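S.K.: Spelled out from the first residue to the last, the chains are:
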Amino acid sequence: MYLKKLKLKDFRNYSQVELNFSPATNILIGENAQGKTNLLESIYVLAMARSQRTNNDHELMRMGKNSAIIQGSLANRLGTTKLEIDLNLKGKKAKVNQLEQAKLSQYIGKMNIILFAPEDLSLVKGSPIVRRKFIDMEFGQIDSHYLYDLSQYKIILRQRNRYLKQLQQKKVNDLLLLDVLSDQLAAFGAELIVKRTKFLKDLSKFANQLQLEITHQREKLALEYLSKITLPAANDSPEQLYQVLKKQYTTHRDKEIFQGNTLYGPHRDDFKFIVNEQNVQLYGSQGQQRTAALAVKLAEVNLMKNRIGEYPILLLDDVLSELDGKRQTNLLRAFQQKVQIFLTTPSLNDITRQLIKDPKVFRIQQGKVVVEQENQGGKQG
Amino acid sequence: MQYPEPIAKLIDSYMHLPGIGEKTATRLAFYTINLPQADVDQFAAALQAVKRNLKYCSICGNVTEDDPCQICRDQSRDQSKVIVVEDSKDVMSLERMNEYHGLYHVLHGVLSPMEGKGPDDLNITALVKRLQTHPTITEVIVATNATPEGEATAMYLSRLLKPAGIKITRLAHGLAVGSDIEYADEMTLYKAIEGRQEI
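These protein sequence lines map, in sequence, to chains A and B. One point on numbering: in the numbering used here, the residue at position 343 of the first sequence is 343, and numbering is uninterrupted. Add 1000 to the 1-based position in the second sequence for the numbering used here, that's all there is to it.
Same shape as in the complex, but just chain A (with noise of 0.2 Å):
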């Protein structure tokens, strides 16, 4: 799918603007300060109908006004479709083709998109809460079940953390809760410990693809699970992984009391990058970092053209400039072509300019946008 058209009124610090894009590549350069993160959130807010910067949408509309509208073409297999925010103080409204959709969560899901930002990057260096969170983001938005039992195993491990407390204050005594709570524990653990696996073992197919690519077939990604506890070879039964945990319970049961907290199970795992065969977390440089996490961020598009069956549209915002030349040049060729890009840079060198294939540049000065290069096939939108 690809946006053919993008209209705003008054969002963030734009007054008016119409734009017409290309279905393949449009670049959005400017100095700092000077709109492109702003116009690539105005498509961000289209598709999802929230901001990925901030919770609150007055901040979204321009100075000194109360309203704000987003205006998008959407083609797609079907054809076209026109989809529409408004934004206001009291509230905002989803319309597709001019008519009012009563849920949101009717409206999200017509417009896929994939955004990738610079904060992005701590995926491969941030905490592993980052981490787990990314998986649980990304994975609940595929399998529903996976949600519900994440949902299950955070009330039950929230009640095992407060029975430990008491345990280890000494108010209680009685182990057998303690059991319950650990097996019923162990059940949810083990079903999400097996679905995040085979999760990753999906992702970490599409990321390799990826990172081969860009690198130019020099580095091979592979993405581990982490696990504190030592798990069967093949875990992909739940049934023996539910044993392991409930054994590692049982084991430890006097340390947990001890420390007054479950230490062991998912909420407590993590994954890895494995960059031809060394944990890129310790040993990858920077850039090599970087692309890790690109690739796995982007290895999203191919999960999501198997789920849905069309690509989404990509969003990269200033990520160019943290990758040297060849690496940008072989992303941009894994993608151009078949997916719609929009990526924003404070400037473009001349190599990249010739390598990305039929551009359309779009040169933004305070809000303003002024196009400056027009790709061949530009009538086509």
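Simulated from the structure, these hints should not be mistaken for lab results. This structure is a prediction, so every number in the text was calculated from the model and none was measured. Yeah, the Cβ is synthetic: ideal placement off N, Cα and C, and Gly gets one too. Be careful, since some hints might not be right.
Claimed, not checked - Just a sample of chain A residues kept apart from chain B, beta carbon distances all over 12 Å, derived: (1) 120; (2) 145; (3) 157; (4) 179.
Claimed, not checked - Pairs of lysine-lysine residues, derived as DSS-like cross-links and limited to a Cα-Cα distance of at most 25 Å, are as follows: (5) A/154 with B/1162; (6) B/1023 with A/246; (7) B/1191 with A/246; (8) A/246 with B/1162; (9) B/1191 with A/198; (10) A/195 with B/1191; (11) A/368 with A/198; (12) A/95 with A/5; (13) A/110 with A/90; (14) A/170 with B/1023; (15) A/103 with A/93; (16) A/255 with B/1117; (17) A/247 with B/1162; (18) A/220 with A/305; (19) A/338 with A/201; (20) A/7 with A/92; (21) A/154 with B/1191; (22) B/1117 with A/171; (23) A/165 with A/228; (24) A/338 with A/4; (25) A/7 with A/368; (26) A/195 with A/246; (27) B/1117 with A/165.
Could you slot chain B onto chain A? The hints should help.
M.R.: Relative to chain A, chain B alone:
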């Protein structure tokens, strides 16, 4: 200006009830002023009676006027089965079914460390004692809710009672009667498939 004291007190009393805030309490209080004297007397008497005349059955824990309760006294009921429920309201729901003629046991809650409810805070000791003194009981049906806490309680009871050789069963999960598969959520369907039966 403040409300006259009798009204303020009544508003405050109404606010002790669950789900009633200040606005609703005020409306109820002013409505009470306009009620006929007889209705108000009846209301007050009912409120006091519920506290004065009701107690918990010493055998099953259900609310009752007389101890033991009607169900526990009824010898014509099936003395071999006990359904364990979270609270007295659940007994009424199950009785309305008119199909079950066994006994009940009310726990007054579920195991939830978060709310400070452990085994000692529930009516579990009485259940164990009851099973010891009534060997006629051969099956315990656990009918706690399908929440993580309800499941934990069911598991706890089964671990506790199974060693004594008592049959412990749990209510089935799955499709609601008369419902469309089309409208069932994924988890309900999953549970329904898990608990499928041969026909």
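S.K.: For each hint, tell me whether it holds in the structure or not.
M.R.: Hints and how they fare:
1. Every CB of chain B is more than 12 Å from the CB of residue 120 of chain A (nearest about 30 Å), matching its label as outside the interface.
2. At roughly 6 Å, the least C-beta separation between residue 145 of chain A and chain B is not larger than 12 Å, which violates its mark as non-interface.
3. With a least beta-carbon separation of about 10 Å from chain B, residue 157 of chain A fails to lie farther than 12 Å from that chain, contradicting its non-interface assignment.
4. With 12 Å as the threshold on Cβ separation, the claim that residue 179 of chain A sits away from chain B is violated: the shortest Cβ distance comes to roughly 7 Å.
5. Distance check on the hinted pair: residue 154 of chain A and residue 1162 of chain B sit about 28 Å apart at the alpha-carbon level, beyond 25 Å; violated.
6. Taking the CA atoms of residue 1023 of chain B and residue 246 of chain A, the gap is near 51 Å; set against the 25 Å cutoff, the hint is violated.
7. For the suggested pair residue 1191 of chain B and residue 246 of chain A, the alpha carbons sit about 23 Å apart, so the restraint of at most 25 Å is met.
8. Straight-line distance between C-alpha atoms of residue 246 of chain A and residue 1162 of chain B comes to about 20 Å, which keeps the hinted pair within the 25 Å bound.
9. Between the alpha carbons of residue 1191 of chain B and residue 198 of chain A the distance comes to roughly 22 Å, so the proposed pair stays at or under 25 Å and holds.
10. Under the criterion of a C-alpha separation no larger than 25 Å, the hint pairing residue 195 of chain A with residue 1191 of chain B is consistent with the structure, at around 18 Å.
11. For a cut-off of 25 Å, the pair hint linking residue 368 of chain A to residue 198 of chain A is broken: about 47 Å separates their Cα positions.
12. As the CA atoms of residue 95 of chain A and residue 5 of chain A are separated by approximately 16 Å, the hinted pair is consistent with the 25 Å bound.
13. Using a Cα cut-off of 25 Å, the hinted pair residue 110 of chain A and residue 90 of chain A holds, with the two alpha carbons roughly 24 Å apart.
14. Proposed proximity of residue 170 of chain A and residue 1023 of chain B is contradicted: the alpha carbons are some 44 Å apart, above 25 Å.
15. Only pairs whose Cα atoms come within 25 Å are accepted, and residue 103 of chain A paired with residue 93 of chain A is accepted, the gap being roughly 9 Å.
16. Restraint check: the Cα-Cα separation between residue 255 of chain A and residue 1117 of chain B comes to about 23 Å, which is no more than 25 Å; the hinted pair holds.
17. In summary, the hint linking residue 247 of chain A to residue 1162 of chain B is supported, as the alpha carbons are separated by about 21 Å, within the 25 Å threshold.
18. Of the pairs offered as hints, the one joining residue 220 of chain A and residue 305 of chain A holds, with about 22 Å between alpha carbons and a cut-off of 25 Å not exceeded.
19. Among the hinted pairs, residue 338 of chain A with residue 201 of chain A is consistent with the structure: their alpha-carbon atoms are about 24 Å apart, no more than 25 Å.
20. For the given pair, residue 7 of chain A sits about 17 Å from residue 92 of chain A by alpha-carbon distance, which is consistent with the 25 Å threshold.
21. Pair hint residue 154 of chain A plus residue 1191 of chain B holds up; C-alpha atoms about 20 Å apart against a cutoff of 25 Å.
22. About 12 Å separates the Cα atoms of residue 1117 of chain B and residue 171 of chain A, which keeps this hinted pair within 25 Å; it holds.
23. Between residue 165 of chain A and residue 228 of chain A, the direct Cα distance comes to roughly 21 Å. Compliance with the 25 Å bound is thereby established for this hinted pair.
24. In summary, the hint linking residue 338 of chain A to residue 4 of chain A is supported, as the alpha carbons are separated by about 15 Å, within the 25 Å threshold.
25. Distance check on the hinted pair: residue 7 of chain A and residue 368 of chain A sit about 13 Å apart at the alpha-carbon level, within 25 Å; holds.
26. For a cut-off of 25 Å, the pair hint linking residue 195 of chain A to residue 246 of chain A stands: about 18 Å separates their Cα positions.
27. About 14 Å separates the Cα atoms of residue 1117 of chain B and residue 165 of chain A, which keeps this hinted pair within 25 Å; it holds.
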